[in-house]
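Here is what each chain is made of, one letter per residue.
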Amino acid sequence: MADQNPAEPVDAAKPVAAQKYYRRFDRIDRVMHSTLMIAFIGCAITGLPPLFSDHAWAAALASALGGFARAALIHRICAVVMITVFVSHVGRIFLAAVRQTGLLATLWGPNSMTPQPQDFVDIVRHVSWFLGKGPRPRFDRYTYWEKFDYWAVFWGMFIIGGSGLVLWFPIQVSAFLPGWIFNVATVIHGEEALLAVGFIFTIHFFNGHLRPEKFPMDLVIFTGRIPEHELKDERPGEYARLVREGRLASLEATPPSRPAILWGYIVGGAAVIIGTVTAALILFSVIR
Amino acid sequence: MPAGPLKLISAALGSLALALALGLPAAAMAQQAGAKVAVTKVADPNEKCLGCHAEPEPTDKSAAGKPVQVLPEQFHKSMHGKAKVACIECHADAAMRKYPHESPAPAQCASCHEKAVKQYAATAHGVARSGGNTVAATCANCHGTHDTLPAADEQSRTNRANIEATCAACHGNEALVKQGKVPGGNIAALYHDSIHGKLLHSNGKAKDKVPVCTDCHGSHDIRPKSDPQSAVSRANIPDTCGTCHSRVKDVWSGGQHGKMRASGVMTAPGCTDCHGAHTIADPKVPKWQVGMIRECGGCHTRQIGTYRDTYHGQVTDLGFTVVATCASCHGAHEMLPKSNPLSKVSDERILSTCQVCHPKANANFVKFQPHANKHDKESGLILYYTSKFMQILLVGVFLAFGLHSILWLYRGLADRKARRARAASTLENP
Numbered sequence: 011m012a013d014q015n016p017a018e019p020v021d022a023a024k025p026v027a028a029q030k031y032y033r034r035f036d037r038i039d040r041v042m043h044s045t046l047m048i049a050f051i052g053c054a055i056t057g058l059p060p061l062f063s064d065h066a067w068a069a070a071l072a073s074a075l076g077g078f079a080r081a082a083l084i085h086r087i088c089a090v091v092m093i094t095v096f097v098s099h100v101g102r103i104f105l106a107a108v109r110q111t112g113l114l115a116t117l118w119g120p121n122s123m124t125p126q127p128q129d130f131v132d133i134v135r136h137v138s139w140f141l142g143k144g145p146r147p148r149f150d151r152y153t154y155w156e157k158f159d160y161w162a163v164f165w166g167m168f169i170i171g172g173s174g175l176v177l178w179f180p181i182q183v184s185a186f187l188p189g190w191i192f193n194v195a196t197v198i199h200g201e202e203a204l205l206a207v208g209f210i211f212t213i214h215f216f217n218g219h220l221r222p223e224k225f226p227m228d229l230v231i232f233t234g235r236i237p238e239h240e241l242k243d244e245r246p247g248e249y250a251r252l253v254r255e256g257r258l259a260s261l262e263a264t265p266p267s268r269p270a271i272l273w274g275y276i277v278g279g280a281a282v283i284i285g286t287v288t289a290a291l292i293l294f295s296v297i298r
Numbered sequence: 060m061p062a063g064p065l066k067l068i069s070a071a072l073g074s075l076a077l078a079l080a081l082g083l084p085a086a087a088m089a090q091q092a093g094a095k096v097a098v099t100k101v102a103d104p105n106e107k108c109l110g111c112h113a114e115p116e117p118t119d120k121s122a123a124g125k126p127v128q129v130l131p132e133q134f135h136k137s138m139h140g141k142a143k144v145a146c147i148e149c150h151a152d153a154a155m156r157k158y159p160h161e162s163p164a165p166a167q168c169a170s171c172h173e174k175a176v177k178q179y180a181a182t183a184h185g186v187a188r189s190g191g192n193t194v195a196a197t198c199a200n201c202h203g204t205h206d207t208l209p210a211a212d213e214q215s216r217t218n219r220a221n222i223e224a225t226c227a228a229c230h231g232n233e234a235l236v237k238q239g240k241v242p243g244g245n246i247a248a249l250y251h252d253s254i255h256g257k258l259l260h261s262n263g264k265a266k267d268k269v270p271v272c273t274d275c276h277g278s279h280d281i282r283p284k285s286d287p288q289s290a291v292s293r294a295n296i297p298d299t300c301g302t303c304h305s306r307v308k309d310v311w312s313g314g315q316h317g318k319m320r321a322s323g324v325m326t327a328p329g330c331t332d333c334h335g336a337h338t339i340a341d342p343k344v345p346k347w348q349v350g351m352i353r354e355c356g357g358c359h360t361r362q363i364g365t366y367r368d369t370y371h372g373q374v375t376d377l378g379f380t381v382v383a384t385c386a387s388c389h390g391a392h393e394m395l396p397k398s399n400p401l402s403k404v405s406d407e408r409i410l411s412t413c414q415v416c417h418p419k420a421n422a423n424f425v426k427f428q429p430h431a432n433k434h435d436k437e438s439g440l441i442l443y444y445t446s447k448f449m450q451i452l453l454v455g456v457f458l459a460f461g462l463h464s465i466l467w468l469y470r471g472l473a474d475r476k477a478r479r480a481r482a483a484s485t486l487e488n489p
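Read top to bottom, the protein sequences are chains W and Y. For the first sequence, my numbering begins at 11 and goes up steadily by one. For the second sequence, my numbering begins at 60 and goes up steadily by one.
For reference, chain W alone in the conformation it holds in the complex:
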């Protein structure tokens, strides 16, 4: 395995149907990601105008959305969708843990999202590789930055979702909490939103799609399938483990369907473009 000089991605040039594919995400994962993505952008687009109310683009965007009342309605619908996806995901993981994978395998090991000692080793090795001082780490199924993204959403769900609900239902909340909680919730909601939007629209897009190895898009979250060469190059740890465990063949999948590829390029691409423009607006507004 050429760690320091990854194998030529000659396979990438092959037509889609001529490559071997392995399943990485199932249908429900993909639907959830797309739903979360659309709802997240919905919340971002409707939530940013108040946060940057003193900028002309914010007023223009708010008017384009049909006024603040309409924007607030869209914001809340998207928020409910996101919370629903989140709760379903957690429920699904829990059910799968109980019925199939077992609680331990869900909480620890290569198929778990739990940060583990190997992840910290990987961080150090990955940065060393950036600096040309060592081989690329042999990543397994979930890398440390993917885990960070995942837990960032988890944390964000509680922080943004919680503060958002406090602001959505002030009368109910004030039945047992003092009114200054709305001041605190406003600060948390805004700052965490800025963190989430900024992170997804720059760091996540870069890590997932825009970095040179993936540019312009990685379709795996839309098709659910990873080409064999990518699995070997990017996740050699997982590939080797699957071979060792004799499970590789069972994960072999048909090539991605045309609609899935189109959806990935059009909707995913639109998301990347909207996100990048939004990130640029935020950056411009924060710097000014």
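Don't read these hints as lab results, they were simulated from the structure. These figures come from a predicted structure and were not determined experimentally. There could be a bad hint or two in this list.
To be verified - If you want the footprint, here are the derived chain W segments under chain Y, 3+ residues with CB under 8 Å:
| no. | region |
| --- | --- |
| 1 | 111 to 121 |
| 2 | 205 to 214 |
| 3 | 221 to 229 |
To be verified - Negatives, chain Y to chain W, calculated, CB over 12 Å:
| no. | residue |
| --- | --- |
| 4 | Ala180 |
| 5 | Val241 |
| 6 | Arg470 |
No residue lacks a Cβ here, since even glycine has one placed at the ideal position from N, Cα and C.
Once you have looked at the hints, place chain Y on chain W.
Frame of chain W, contents of chain Y only:
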């Protein structure tokens, strides 16, 4: 088609026909009668003058080209015509008694209207005139010349309904405004679009009560606002507006701004500081309400900053007004300090104030701080440290992952370059 031009054209045509019917024989008679003027007694003292001046030409213009035609019908209808005032009572200078008149003086209104002319001399117009401004209005600009009608007459230039147009002849004429360096620019257009102007042109009940120019500025006592005696001077504005808006004036006087004024702080805002003078808008218009917040913020800089941190402030900043503006909580004219129990934001009244928009608000709810400063421990330690924590989190995450991405980009690009170079060398030396 508006009635104005139509009326003018028909009036002009009518007068012309009349002039032709009456004027020509009269002129012929005048020529004949030239020799025996001394013995001919005429019933109308002006007949002799009109003999020439009713003519469409060549006597409709002076040697200098100034229009000097007098339409008899128009003059007879005018106040002076009805009172049978002789031409020479106004045109009283000696030049008028000789023919042709050599360098005649302008009509002397003062020969009868001594008091009014004296008053005029002290007005903004009179002062400008005597200072050499040839654009500044004289008697004739507002009252007309041979067509002077009583203000009660609907056709009169000084009738309420026509005051706007009369003043606009100069104050709505860009060229004249420029030429005469008229203060305020095109004021007539501003007034026309103001709530006063709009009501004046409406068919509502307020039509006859709404102020026209002269109601605030006076007529023979128009003075610049810099003149302490002016009805529109900074000190007098509240009284002038209070003529109609007496209740509002009383509330304002009892409020913080009015009290400051009373104690001599002239910078405290009066009516026009917030509402404008000629641009007074309907206070129910969202655009005005939103603009008003910035107006308040012009002095109350700290408060507008913290207000903008809240949802109230953000929504209004975007141009929408369902949420609370400054006036929603502080009142539009009273604005009493929180310590005053009568204040809308006092501990005694805050709950009922919040309940206007949040009917179910309770004592807990109103512990919300509409002007919390997250950078100030005074506004609450939890708020302060939450804000600090969020900022550190934000900066930390972006710094760490920003650096991570930049390094990765560098490595990714370097590797791709190396791969391409290798691919090229493989092609050349297979």
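Here is how each hint holds up against the structure:
no., hint, verdict
1, 111 to 121, "violated (count 0)"
2, 205 to 214, "holds (count 5)"
3, 221 to 229, "holds (count 3)"
4, Ala180, "51 Å, holds"
5, Val241, "34 Å, holds"
6, Arg470, "5 Å, violated"
Consistency with the previously given hints fails for numbers 1 and 6, ordered from lowest to highest.
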